[in-house]
Amino acid sequence: MDRELLLEIGMEEIPASWLPGLTTQLGTVLEAKLKELRLSTEDPIETFSTPRRLTVRSAHISERQTDLEELVTGPPVSAAFGPDGALTPAGAGFVKKQNATEDQIERVKTPKGEYIGVRKHQRGKAAVDVLPEVLNNVLRGMSFPKSMRWDAMLGDGKGELPFGRPIRWILYLYGGRVVPFTIGRSPLAAGPRVQEISTGASTYGHRFLTTSGRAGRAVKVKHFDDYRKRLAEHFVMIDRNERHDRIARELDAEARRRGGRIARSLVGQGMLDEVPDLVEYPVVASGSFADEFLRLPEEVLTTTMIHHQHFFPVTNDQGKLLPVFLAVLNMEPDQPDVVSRNMERVLTARLRDAQFFYQSDRQQPLAANQKRLDTVLFHKKIGTYLQKSDRVAERAAQIAADVLKAPQAEAFAREAGQLCKADQATDMVRELTELQGTMGGIYAREDGRPEEVWKAIYFHYLPVGVEATAPPTKDQLGKAAITWASVSLADKLDTVISMFGAGERPTGSRDPYGLRRAAQGIVRILVDLPELTGLDLRLTLGDLVTEKPEDAFWSFMIDRVRFVLEQRGYDPRNVRAVTHGDAAQVSPLVAKRKLETLPEFTESGDFKQLAGLFKRVRNIAKNLDASAPDLGGKLTEPAEVALAKEVDRVAPVVAAAVASGAGYRQAFAEAAKAGPAVAKFFDDVMVMTDDAKLRDARLRLLRRLEGLILQLADVSEIVPEEK
Amino acid sequence: MTFQDLILKLQHYWASQGCLIQQPLDVEVGAGTSHPETLLRVLGSTPWNVAYIQPSRRPDDGRFGQNPNRLFKHHQLQVILKPSPDEVQQIYLDSLEAVGINPRQHDIRFEEDNWESPTLGAWGIGWQVMLDGTEITQFTYFQQVGGMDLSPISCEITYGVERIAMFLQKVDNVFEMEWGGGKKYGDVRLREEVEQSKYAFNQDTGIDPERYSSFHRHMFDENYKFGEELLKAGLILPALEQCLKCSHLFNLLDSSGSVGVTERMAYILRVRQLALAICKAYVEQGSGIGDQGSGERA
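Going line by line, the protein sequences match chains A and B. Sequential numbering of the first sequence, starting at 1, is according to this note's numbering. Sequential numbering of the second sequence, starting at 1001, is according to this note's numbering.
Just so you know, the hints here were simulated from the structure itself, not pulled from any lab data. Note that the coordinates shown come from a computational prediction; the quantities given were computed from them, not determined experimentally. A hint or two may mislead.
[Claimed, not checked] Simulated coverage check for chain B against chain A, where a stretch passes if three residues somewhere in it have a Cβ under 8 Å from a Cβ of chain A:
hint: 1; stretch: 1146-1157
hint: 2; stretch: 1278-1284
[As the list claims (entries may be wrong)] Computed list of lysine-lysine pairs in BS3-like fashion (alpha-carbon distance at most 27 Å, straight line):
hint: 3; chain 1: A; residue 1: Lys371; chain 2: B; residue 2: Lys1198
hint: 4; chain 1: A; residue 1: Lys146; chain 2: B; residue 2: Lys1280
hint: 5; chain 1: A; residue 1: Lys548; chain 2: A; residue 2: Lys608
Every residue, glycine too, gets a C-beta built ideally from N, C-alpha and C.
Turn these sequences into a full structure, and let the hints guide you.
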């Protein structure tokens, strides 16, 4: 009979950002470990979590392992038996080692020859006897963004058990009975205050809240439904969705009660997603602050509330901030007002600090901070932020004028580029680093600089800001669209190119300077350039780069182009096909446009035929010495004449698409039609004939075909996988 | 509860939990972690439970006594529990009750906040403890100190005493908080904050910046050299004091704007080098020097 398995790992507070990932991971790891140990689960595994526990439950786990049937192979038959047909010492040794008898020997045919083997049948063990090992493997199998050592040991011979946070208890029930398992402690730590952790039938409620008994004491449970119910009685909601919905509902209600609503556009989804993982029992509270702080820039207020206090700002119906905040507590305090007053006091202190920084920054214009950048190091081999600003200014001006062909924006781009890092030296950004860029933009605006400049500064980190990862919208950018693109591209390019120059290349998981993110930012701007700026420019990576970087730079960049396109859901094979060749010549925007239509064709028979033969086309076409004169040979065979006609037919369509940057659908459709002609050509025509003239003509035909198709994509990358 | 009562209550509580009550290190430091009762005691395997107040100097945080929350010098109450007991979070929460913070009436959270000190080759995993939105304690399971893995793991609990006293007294300005006997924190410390801030930033002092810089550089070099000599002589604790003096001198050079960017990194690396060598020597000396050694348990 199948029985329920319930595991709860009780831990000290788990970081909120880890919780969703760890919850899923526990389910996956348990499922894998059960499978490895041949215990079957029929129902999907369910997972739950709070900051103090990771829980997993399977309603039905088989009572026994499935039996194991395996064929153990030994030495080759030739070595196992002597000429007389009797077992050699090698053969006998194998039989003995397997605890078998000679009559159990089977002959096993393998590609390497015939071997002897013994069939072994192992009866499955009772689940209760295997489940301790399952838990051992689950604990070993969990991985954390950062692990800690906590003097814990497992008895599996592998020693210490690092974990995300110390484990305080383990509830482990199978069919209502405790499965025994113990985590040991290192001998240097073990003692009366540092003890083994043994599995039990108890969970623990909320640290401070309880309806009966002492808060935080052990609560015995029998099975999952009981577990869930008992925890609810002890103020623990184990279902994250339930917590999330309750929070959203209560926030809305409390905001209404306060005469406004949650400023969702300011909060973003981030905080609503995080808060449920900070609490076991959410309760919404609210407070207010003095009206005078509303004179601070809105970004300063919301950053202080959101990033520093996890408070939700509230706006009126017109979207103006009210002097009110909401907070999600992990507590139902006896006197909620006391908690609100305390929170108000902290927020006020922070806002007063911000006000102080703001006033001190405003003693002078933003540009005056510029010279202090001389003491802020960008990289020791590259120089200071002041030097970086100078480079960004020149590059931004050059991009605006030469690359984006917008000479009217050149001076604005230079001005914005020069000032874009100045806020690094302001008191506000030194305290609230999340506001970098934003603060510079605000100060530039207050200094009376034009929209083209201040907005370019404001948004220049995007689309890869500290937290925000979306580019600004065209509406937000207003008149600053082109200067923003110039400065944002210039800043990121400067970072990547100068860091490469200093030998700081990302390797493996190490990318301390965020060069991959910076490069992805460049690619994303190029891909979305028309939507973001209204400029229909199909820029290549080479268009942007005035210097001559080393090969490593280009292969790094093309990887980032592919990464961004794959992130958008395009098939990796198609992505490779449209980003082939010289990286400097690749236009991310053109690649994206091709990818939008390419999947319509990749499944068609004609296209597959073309794709399948294209590698051959390329290989043979290599035989043509491109610098040699055309020998003027004539194509005569029907198949080659037909192919030449196809090439003539397709060429103008491809040329038109390439020239206009549109019409790739038609170009792919026409190119695909050439598939059968290519196939027929290879069936009927022998390219490398002895007739030099004819050979030359055929190679030229293939070379033309190759060049034509490559303008669209290297379709040989898209060969169907079933081969 | 006054500032001094709070300190007395916490010390009393930790004494009742089996901690020795030690005294502050009489050398300028930025945090209680630099005290040998933490920095060296967490190395090696000898169990050690200790609590002490540590006045902590952060030149960069000086605000001339004008900011209600920031101080050149604040007080940490530092607790080291080695090995870290299973119930350490509860023991900590009980300490809050002992000073009159009833967890039933507040929102107390353990929020992820790891700690790292590159100069000490040290890092740990832990939380900041939030009380109704105010950070009142840093809670860290030390993982490495002096670049060496620790075993057993120690737990460091660092209370921000001013913060907690302000919370308990419901005052918004640290200088208005009562120290004891009707005297305010400002009565006791305001003048020191003003003068130390002027000194730290070399502001309104009339002292030539060149002179300021060369004096501190010279002191740094002298302390550093002598620290190395003491270390060579096997005198770990005196060497550590010289190293900590260097660290503080560097902080002053930094806050007064006397070091450029590349130089800054070089100073940090030098302090780190000496600190690592001291920790290493401490471990290598082992139990040879009685109760100051790392004494492998028999």
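8 Å C-beta test of the stretch 1146-1157 of chain B against chain A, three or more residues: holds (count 5)
Pair hint A:Lys146 and B:Lys1280, alpha-carbon separation not exceeding 27 Å: 25 Å, holds
Examine the stretch 1278-1284 of chain B: at least three residues should have C-beta closer than 8 Å to a C-beta of chain A. It is violated: at least three residues are needed, and the stretch 1278-1284 of chain B offers just 0 whose Cβ sits closer than 8 Å to chain A.
Given the hinted pair A:Lys548 and A:Lys608, is their Cα-Cα distance within 27 Å? With a Cα-Cα distance of about 38 Å, the restraint between A:Lys548 and A:Lys608 is violated, given a limit of 27 Å.
Hinted pair, alpha-carbon criterion (27 Å max): A:Lys371, B:Lys1198. Please report holds or violated. Satisfied, since the Cα-Cα distance of roughly 23 Å is no more than 27 Å.
Hint check: violations occur at hints 2, 5; the rest are consistent with the structure.
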